[in-house]
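The chain contents come next:
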Amino acid sequence: MRTLDAIDRRLVAATQAGLPLTPRPYATVGAAVGLAEAAVIARLTRLLETGAIRRIGAVPNHYRLGYRANGMSVWDVEDAALAELGPRVGALPFVSHCYRRPRRPPLWPYNLFAMVHAKSRGDVAAQVAEIARVLGPAARGHDVLYSSRILKKTGLRITETPAREPCSA
Amino acid sequence: MDAIDRRIVGALQGGFPLTPRPYADAAEALGLDEAALMARLRRLLADGDLTRFGPLYDAEKLGGAVTLAAMAVPEDRFEAVAEAVNAHPEVAHNYRREHALNLWFVVACERPERIAEVLDAIAAETGLEVLDLPKRDEYFIGLRLEA
Numbered sequence: 001m002r003t004l005d006a007i008d009r010r011l012v013a014a015t016q017a018g019l020p021l022t023p024r025p026y027a028t029v030g031a032a033v034g035l036a037e038a039a040v041i042a043r044l045t046r047l048l049e050t051g052a053i054r055r056i057g058a059v060p061n062h063y064r065l066g067y068r069a070n071g072m073s074v075w076d077v078e079d080a081a082l083a084e085l086g087p088r089v090g091a092l093p094f095v096s097h098c099y100r101r102p103r104r105p106p107l108w109p110y111n112l113f114a115m116v117h118a119k120s121r122g123d124v125a126a127q128v129a130e131i132a133r134v135l136g137p138a139a140r141g142h143d144v145l146y147s148s149r150i151l152k153k154t155g156l157r158i159t160e161t162p163a164r165e166p167c168s169a
Numbered sequence: 001m002d003a004i005d006r007r008i009v010g011a012l013q014g015g016f017p018l019t020p021r022p023y024a025d026a027a028e029a030l031g032l033d034e035a036a037l038m039a040r041l042r043r044l045l046a047d048g049d050l051t052r053f054g055p056l057y058d059a060e061k062l063g064g065a066v067t068l069a070a071m072a073v074p075e076d077r078f079e080a081v082a083e084a085v086n087a088h089p090e091v092a093h094n095y096r097r098e099h100a101l102n103l104w105f106v107v108a109c110e111r112p113e114r115i116a117e118v119l120d121a122i123a124a125e126t127g128l129e130v131l132d133l134p135k136r137d138e139y140f141i142g143l144r145l146e147a
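Chains as they are written, first to last, in the working numbering: chain E, 1 to 169; chain R, 1 to 147.
Next up, chain R with everything else stripped away, as it sits in the complex:
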């Protein structure tokens, strides 16, 4: 990423215009032209510097449900269990963390009652306990990373 890429990523983490020519409008604010901004976004996405470019939806406000789940997976089974968890399309994020509870994943479902079904299925498939840690209150969300 060069300095212009960093400026783009730093400035465009929100507020992308809802106008007919949004790339042109965003480019103008950045001192670029539309084609250059689109080409750079295309490359940043292809290279994996951006995981996505577009609307970031809130699953709960869309009527769905989200939870955070944790499991203590024996090391010698880690890869197989991670694969079994990831195989569920409702698992949106999954991280390995350095703790006795070493597998942490987010489950997002359109039907709230589906959450328990997914967690039960994972427990049954792996024979391991799955801790369900749903959000009770949200105090802040929305970091802007400096690029």
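Bound conformation, chain E alone:
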């Protein structure tokens, strides 16, 4: 992905906390960063196409929607099986995030993380059982870590000035 230019950075900085609730929000953003409305729309469209923007819309508070049981299910899966099984776990409709991460033995033996959100812990347990069925004997152990408190929740904070020389990563 190409590095953001200075105008993109201003645009990200101006919108990362949210879009203005004005009838023409892209014009409002443009006025703040010195761009025409059409240029704001064109740049956001490109950021969406390249995946730098995952989506544009409402970010709900899970708890307020009744999704009070937030279980981070973690699995010790044979490395050779992960490339095939990871996407199958990720495709389950109730899995919101699914990642491979390194093990940190002895404290942490798990290499697959699948986050599930449900309205009760009973529902989470049923979903975890379904993940276990998908993984089968390749999963040598697992655990479910429930969140009991949100201690902080903010988005990424990007500043307008690049923190390093641009590179073509």
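Honestly, I wouldn't trust all of these hints.
[What the hints assert, rightly or not] If you only want the chain E side, here are some residues facing chain R, beta carbon under 10 Å, derived:
1) I7
2) D8
3) V33
4) L35
5) A38
6) N61
7) L82
8) G86
9) H142
10) L145
What the hints contain is simulated information worked out from the structure, not anything from laboratory work. No residue lacks a Cβ here, since even glycine has one placed at the ideal position from N, Cα and C.
Using the hints provided, position chain R relative to the given structure of chain E.
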């Protein structure tokens, strides 16, 4: 949240239009008018039903880096350690979880090399081990919650 609020939250978790009058266009698809949609979004944000309304950026695609970190914090120090961790602006999310590793937080930095500096600083400030669990592969992201 009433039925209309739920319809808004259910329908608008992505795909908000990139058009000059996006609230009007989104409202029309929902059978509402622009002013009503904007008023409801304003209230949902003020009440905390929505944490944000706008673009959701991918820190890594923006050239930054993200990691997940975990710590086993003694109960009698939990509040102080959580506060010390939260004081770092690079800590984006922080959750208490029911496990020996009871503090789980996401660190997002614009410069990838800054991640290690933040984790080292937290370890030094708290005297506790910080497990760094960076993402190696992503199999799926993007839940839509039914509202």
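Consistency of the hints with the structure:
With 10 Å as the threshold, the beta carbon of I7 of chain E stays out of range of chain R, its nearest partner Cβ sitting at about 14 Å, so the hint is violated. Hint on D8 of chain E holds. Least Cβ distance to chain R is approximately 9 Å, under the 10 Å limit. Taking 10 Å as the C-beta cut-off, the interface hint given for V33 of chain E is violated, the closest approach to chain R being about 14 Å. For the restraint placing L35 of chain E at the interface with chain R, the shortest Cβ-Cβ distance is roughly 14 Å, beyond the 10 Å limit, so the hint is violated.
Because the beta carbon of A38 of chain E sits about 8 Å from the nearest beta carbon in chain R, less than 10 Å, this interface hint is met. Against a cut-off of 10 Å between C-beta atoms, the interface hint on N61 of chain E holds, since the closest Cβ of chain R lies about 5 Å away. Given the 10 Å rule on beta carbons, the hint for L82 of chain E holds: about 7 Å separates it from the nearest Cβ of chain R. Taken as an interface hint, G86 of chain E checks out: its beta carbon lies about 4 Å from the nearest beta carbon of chain R, inside 10 Å.
Nearest Cβ of chain R to the Cβ of H142 of chain E: about 13 Å, over the 10 Å cut. The hint is violated. The closest approach between the C-beta of L145 of chain E and any C-beta of chain R is roughly 4 Å, which is under the 10 Å cut-off, so the hint is satisfied.
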